[in-house]
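Residue numbers (this note's numbering), protein chains in the order written: chain A, 1234 to 1486; chain B, 1234 to 1486; chain C, 179 to 408; chain D, 179 to 408.
Hints may be right or wrong, so weigh each one.
[As the list claims (entries may be wrong)] Take a look, some chain C residues computed to stay more than 12 Å from chain B by CB distance:
1. 225
2. 239
3. 325
4. 377
[Unchecked claim] Among chain A residues calculated to face chain C with C-beta under 10 Å, some are:
5. 1314
6. 1338
7. 1406
8. 1408
Just so you know, these hints were derived from the structure itself, not from any lab. Note that beta-carbon positions come from the ideal geometry of N, C-alpha and C, so glycine has one too.
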Amino acid sequence: MIDKRVASTADAVEGVRDGDTVMIGGFGRAGQPVELIDALIEQGASELTIVNNNAGNGDHGLAALLDRGRVRKIICSFPRQSDSWVFDRLYRAGELELELVPQGNLAERIRAAGAGIGGFYTPTGVGTTLAEGKETREFDGRTHALELPIHADFALVSAYRADRWGNLVYRETARNFGPIMCTAARTTVVQVDAVVELGDLDPEAVVTPGLFVDRVVETGERRWLRDGAFVGGVDLAGSPLVPDEPSDEEDAA
Amino acid sequence: MIDKRVASTADAVEGVRDGDTVMIGGFGRAGQPVELIDALIEQGASELTIVNNNAGNGDHGLAALLDRGRVRKIICSFPRQSDSWVFDRLYRAGELELELVPQGNLAERIRAAGAGIGGFYTPTGVGTTLAEGKETREFDGRTHALELPIHADFALVSAYRADRWGNLVYRETARNFGPIMCTAARTTVVQVDAVVELGDLDPEAVVTPGLFVDRVVETGERRWLRDGAFVGGVDLAGSPLVPDEPSDEEDAA
Amino acid sequence: MTTRIDRNALAARIAADIEDGAIVNLGIGAPTLVAEHLPEGAEIILHTENGMLGMGAAPRPGALDPDLINAGKQAVTTVAGASFFHHADSFAMMRGGHLDLCVLGAYQVSQEGDLANWSTGGEGSIPSVGGAMDLAIGAKRVVVMTDLLTRSGESKLVAECAYPLTGVGCVSRVYTDHAVFDVTPEGFAVVETFGDTTVDELRALTGLALTDATTGTAPAAEQTLERSAG
Amino acid sequence: MTTRIDRNALAARIAADIEDGAIVNLGIGAPTLVAEHLPEGAEIILHTENGMLGMGAAPRPGALDPDLINAGKQAVTTVAGASFFHHADSFAMMRGGHLDLCVLGAYQVSQEGDLANWSTGGEGSIPSVGGAMDLAIGAKRVVVMTDLLTRSGESKLVAECAYPLTGVGCVSRVYTDHAVFDVTPEGFAVVETFGDTTVDELRALTGLALTDATTGTAPAAEQTLERSAG
């Protein structure tokens, strides 16, 4: 019998070691495995390399992990946001290494790791500082850069429903990096709002087949889904909490 | 208003030119766009390069297209089957060029074309005659070969349901090559059993988003789905019509 | 003398160029305004790179769904015909050339179509690129929506970008508050001016030898201004 | 004197080695027999490379579904927990090392674990590879199920494959009708013999300097024979 359910988030993150590479799902706060990150903070592993699209918001979740000094390096596409003060401070103090990757290359590198691809050629980033030093090559008259897969020791992912085999479905844009991160880690840990009976998920609609998942923990209904208290980067009026992009020091529009 | 529906299979295959590369979905007979292939035969384009997992079965569908002398080259993984006599004859007569590709490399090369990847490194086939002459490279101590994308002028695909935007769902293992072929062609043509209203397909369960599809033709309920008359490579007792693989001239088991 | 149009009018001008049925990604920031001016009755499908096609308008205040956001992390809705997918599939759509149009902001655009919109490269600045580089090279057509001048009055249209590039030779058209410019093998061509702006004035503002490709009274622009006023 | 077991017994022997919870791909041909001998009560998930996990048994004769087939193009069924996916995702599972075990047929296996099972390279033969090369290099563990000898009595275990390779150094174990062999840095090791077969007889049949790694009475094999007989 296959039963990937574990009883607690503490059990779910058991075994993360100092120096591990940990992928964390989510785009902004949608799909961020909040409870698993909290458990990872409790668990205590340090010197981590984190793979996430962003580099933490506010004082919670990934930001709190950074704040505890547990992270050596971040691989991400969009670290700086209006509420990324924890990252900003550590980065400016030289206490955090940053590997900045264009978002699509980040996704494709994660997918490549899960798919057993040794490397691939992408046109994204060619001619920019982010492709400096990378090997380039022409295909069909267009210059491409060689990109390598990003493997992880652990992936922490938030999904919507799971069964005991680890089959997953997601909810709306909270899907984002989850399905590919599930494929790219040695141990994939998933938190879901609810576990359903085997056979309840439509085989045509399963997004992550169970073979990619090692542990499932049910974290229950998210209150903020109902009461709108946790609305990603927007306030209740829909105004962004993050500045327009690009808006580094100059107005890009 | 976006309405990708066309009235007939003849309209669906309009514009295929001599010398075009045409991807045809299906694995054996599951997911084979039978009506579109018939329409392509009627349409008359020749000197075609066909991309399909197989090289035709019996006397119908792709086999009939071959039999009319319309195909110059086939890119596939598994041409020879017990009922591939049309292919066998033409190949032995030197009238058909064959590019044999391991099935997973075939799928990944099609995916790469749709995903804008210039080339990728795969371990599959390394050290075999099918990778002879290919550039190789070590990643993590394992030798990989460089594979290039396969683009097509047209893709002919069979799906289960579509809406007028071209969003698709498939049915069971008839999904096979459909979703990736839809992404890799200049013009993607899809036959479906039924077109449903926009909004009737669950956004979480759409397999091929409509932007990959150019034309949709409704070919109606497949009688053989109900009466079991068209059962892929098996007879009604479930015995294979194709020999075990491998069984070229020697018993591999 | 009117020599500029405001952002809403500019967004409407851009929207008027978008064909029925187009698949469009609107970069975060000012380009998102374009969504509010899409032609009535047309079906234009909005892509958001965090994994959705068929993005709808902002939700009613009481109906926010934290799982349903756009690339700017703003709450959005879906329209009938929407679909969700993961990040690798979403960027495959881009990189594979399946989007018809992408509208981006810019720090600078060079006369060869190079785009700089992700970093000023300033000392101590923290770089953040997001999907900018993927968008810049991915869509079939990449256009820029921007003020012609920076706050300090410098032209964003330049001979060569001084800021770090986002993409090389990727921009085909620049919509500014003063005029619309096409990137051509001969450099920027003015295809339309707004208000009383003249091509000579634009040459003075940009310091570039602009080609005059305007066609007299620029009826499209007038029409658009009226529409945006209505 | 019993020196061989039949295919069903061999399939049962292989099945007895498969752990509860394993993700397994059974190559077409004889390896599909393994599915009929999986341990009662264990959950072993069968992958078929044409796009399904959770493959079930053959359907009842009246209940064939032409859209639901396995890689051998035989009609199959699904079990609760099944999922469907497209070919690129299916082979990504393989290539990415997500399958625990793959059982394949063979023409030849070399003492370095090279596998030849797709082509005899004969004059006028038509090559067909299918997913054989992907399976050979993809699973965490690749084992072979085969008769030890060809119909003409030649050993399929060889010093070096004469037939075109499917994969290099990919096989870890070979289950034959005479014995079970492991591929080791020192060449083939006999880990278990069936019936009265001796390691010396196997050396004579294969012409190879086999290591004797059997452990006396080989209880596992006896047990398996009983089970397959029952």
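Okay, the hints, checked on the actual structure:
no. : hint : in the structure
1   : 225  : violated, 8 Å
2   : 239  : holds, 23 Å
3   : 325  : holds, 31 Å
4   : 377  : holds, 37 Å
5   : 1314 : holds, 8 Å
6   : 1338 : holds, 7 Å
7   : 1406 : holds, 5 Å
8   : 1408 : holds, 5 Å
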